[in-house]
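Engineer: Here are the chains, one letter per residue:
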Amino acid sequence: MNFKLKIWRQQNRETRGKFVDYEATDISPAASILEMLDIVNERLALKGEEPIAFDSDCREGICGTCSLTINGEAHGPDHPGAACELYMRQFRDGEKITIQPFRARSFPIIKDLVVDRSGLDRIVQAGGFVSARAGSAPEANSIPVPKHDSDVAMEAAACIGCGACAAACPNASAMLFTAAKVSHLAFLPQGHPERTSRVLKMVNAMDAEGFGNCTNTYECEAVCPAEISASFIAKLNREYTRAVLLSRAGE
Amino acid sequence: MIGSLESKVPSGVIDQKWKSHRDHSRLVNPNNRRKFDVIVVGSGLAGGSAAATLGELGYRVKCFCYQDSPRRAHSIAAQGGINAAKNYQNDGDSIYRLFYDTIKGGDFRSREANVYRLAEVSNLIIDQCVEQGVPFAREYGGLLANRSFGGAQVSRTFYARGQTGQQLLLGCYQALCRQMTAGTVQMYPQTEMLDLVLVNGHAKGIITRCLRTGKIERFAGDAVVLATGGYGNVFYLSTNARGCNVTATYRAYKRGALFANPCFTQIHPTCIPQSGDYQSKLTLMSESLRNDGRVWVPKRKEDCPKSPNEISESDRDYYLERKYPSFGNLAPRDISSRAAKEVCDEGRGVGPGGRGVYLDFSDAIKRLGEDVISERYGNLFEIYHKITGEDAYHVPMRIYPAVHYTMGGLWVDYNLMSNIPGLHVIGEANFSDHGANRLGASALMQGLADGYFVLPYTLPNYLAGQMGKRPSTEASEFAQAESEVRARVTKLLSVNGNRSLDSIHRELGFLLWNQCGMARNAAGLKDALSKIPKLREEFWRNVKVPGTNEDFNQSLERAGRIADFLEFAELMCLDALERDESCGGHFREEHQTPDGEALRDDERFAAVFAWEFQGANGTVNRPKLHREPLHFETVHLTQRSYK
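Chains as they are written, first to last, in the working numbering: chain A, 13 to 263; chain B, 122 to 764.
No lab work stands behind these hints: they were computed from the structure.
Just so it is clear, CB atoms sit at the ideal spot from N, CA and C, and this is done for glycine as well.
Hints are not guaranteed to be accurate.
Said to hold, decoys possible - With beta-carbon atoms standing in for the labels, derived distance ranges: (1) B:490 - A:21: 50 to 56 Å; (2) B:746 - A:55: 42 to 48 Å; (3) B:141 - A:201: 50 to 56 Å; (4) A:41 - B:717: 48 to 54 Å; (5) B:663 - A:21: 55 to 61 Å; (6) A:107 - B:304: 23 to 29 Å; (7) B:495 - A:41: 23 to 29 Å; (8) B:490 - A:58: 41 to 47 Å; (9) B:447 - A:83: 52 to 58 Å.
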């Protein structure tokens, strides 16, 4: 297959970027879009041009490293799935494909299609954990957890931390990301001792990183490769309200 | 010059060794811990859990990873599960059985005491992870569920859908985040270790390159912990992430650390078959699928092109069930992989190129219903659908073996310290627990065992004598190592030839897959050993590495890693040639039983092969072989049988 590519090139954060056109010829329909970029890059390098920088690692949709906006959609048109799981058979032969980085205020560009998503790490650092020292845990079956709660926690915990939710959101909000972690831990008894402080700290960190607020556009849910439900944002709002009330009451 | 190859395994009966070792290990008092800087390279299950736990204990930890966040280490991709000897199923499991299965699964090429310890701490890992909020699968009564896995006749594997590695890594990452907030762990993402620094023979620092800016830096510490994973990407195509590499361990090897059993690589039986040359990696389908899927190929070659649903039951060869009636589809990985190769070599393979076998769920769907199968393996079926465009609920999956894990790694003693004092190696990066073949759901167990429950006890045995001995980064050893790193980077950028990085790496991988893959023989290994130096020479004469050092330069990153693979590959083939027996995943065609099983030679090879680098001024000479004899005090060496 052949494709006409329009790709965002930007040397670094300080310089201005622009779209550059490339031809991708003789591509197998079974190649992933990242493998297509590998081929383009290999050809560019041999011509003495600088390859296109883009992020990827596991290439099987679980590490959350790849971060491309393809034809205007975070991770491209084949939802749910990360860009590394997007195969060229999803496109028409000769199709024009526009590739940009994830765009969000809080994801500054490092180079070309690579962005800095350390803001997401800082939200987790603010409180997205259970303080459980190695060595002090009770026997694993000592606290039964209803299967339903455990399953819902798992649905939230499946977040791969790619940041597509923020990239797709018109407000560049990281609510779905934050909601997933808050909900995961709120549904489990092990998360309860820190439940109140966790949500307050994580929401504060989210705001401090410059992520926007949720206005119920549901773009996040539509692009999420891990199919995290936007209903977790409602859970986050309930958890947050509860925490604010409790802390105002001095509890 | 090496330290001794003394394993430091404590004396006493097997189930008392670890207890007695802990009772007699040295301690560092809490006020002194903050005076020690510990460098941890890698942030997967092993590195992340070690960094978090050492931080929790009060050491000052610097943790480095090449990814942009510690949450992305390749442990995240492990699907199936983690073993533990909880015996929640009341099916006869015990610490001894987990130990025995692991030793036997490894074809009696691992160190008994290390493996016993692994089985002992396995239960603590489950407790710890549950407490962190890892959402393991549960039964309706709220208690933890288990599934069975290859190489065992009990059900001892804990899992979180098909994303167990992800959930365990996130638990570990969150523990790491907690320590970062507490200020005990300083994280250096997108930073790659390019050399190890020895001062007075002790590992006291590393040289790194920041992948974003190209800045080359020196870091000093009181001890160095390598948790940098395996070297499966030497084969170019593997199930590893693109960035996985041998650089940290190989460069430690070049500084004198012994590399043990490098030829022990695991070829996983259930991966999606390769579909073309453009392919950048292979994708694993968790071995847990073999619990409910039945592996088969057509009995007759002529049936291979037919649609699988048109081939009648009587024309199918369920070869694993036929050859290994007691383990059936759950035969260990090495055995299942070779069996798949065998039927494909006979011309009975299916799919493009005839390199594939069917993994069929139709019986399980009939028995349990599509819902149950979807609950157990839903996300795996989705991955399969994405990649192949096929629906495995209605058409059997096609699978083929692929390189997945490397049992070999840097040599370590019972304290997980290499022969270089101060250099500790944990997780897949060391060699110690899996022998010649790792059982499913044991990698996650080992990574977390090392990081949460072993290293925190054994590291003080080294640190306690090291107070105040951390050198300044101004020491001449640091300057020397840094200038070597810079020279190498400059050299890589200055070749400016005509071959792409991928083309050379692919050529290396193809050579290794054919000559040092699922089946090996002396002639093939000698052929590889004669070709690898030529390819290396071609690389340094004719590779094209675009860009500069002072930039985010992904080509340069890869170039350095491929250069190391090109040297390491030779060590791997040499080890495979020297180990003139078959064991586990190392199958030498010259040594097999009449029915084609691996034939060990315990007389000559019940030993760890630990290689010492020999070379200077950029040349690679034949490394020196050291042997650590393996003593089996508890188990009897037997011909491994899964029939």
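Engineer: Evaluate each hint against the coordinates.
Structural biologist: Results for each hint:
1. B:490 - A:21: 50 to 56 Å: With a Cβ separation near 52 Å, residue 490 (chain B) and residue 21 (chain A) satisfy 50 to 56 Å, so the hint holds.
2. B:746 - A:55: 42 to 48 Å: 44 Å, holds
3. B:141 - A:201: 50 to 56 Å: Once the Cβ atoms are compared, 36 Å apart, the range 50 to 56 Å for residue 201 (chain A) and residue 141 (chain B) is violated.
4. A:41 - B:717: 48 to 54 Å: Between residue 41 (chain A) and residue 717 (chain B), where Cβ atoms are some 38 Å apart, the hint is violated.
5. B:663 - A:21: 55 to 61 Å: 28 Å, violated
6. A:107 - B:304: 23 to 29 Å: Given about 51 Å between the Cβ atoms, the range is violated.
7. B:495 - A:41: 23 to 29 Å: Given range 23 to 29 Å: holds, Cβ gap about 27 Å.
8. B:490 - A:58: 41 to 47 Å: Once the Cβ atoms are compared, 53 Å apart, the range 41 to 47 Å for residue 58 (chain A) and residue 490 (chain B) is violated.
9. B:447 - A:83: 52 to 58 Å: 53 Å, holds
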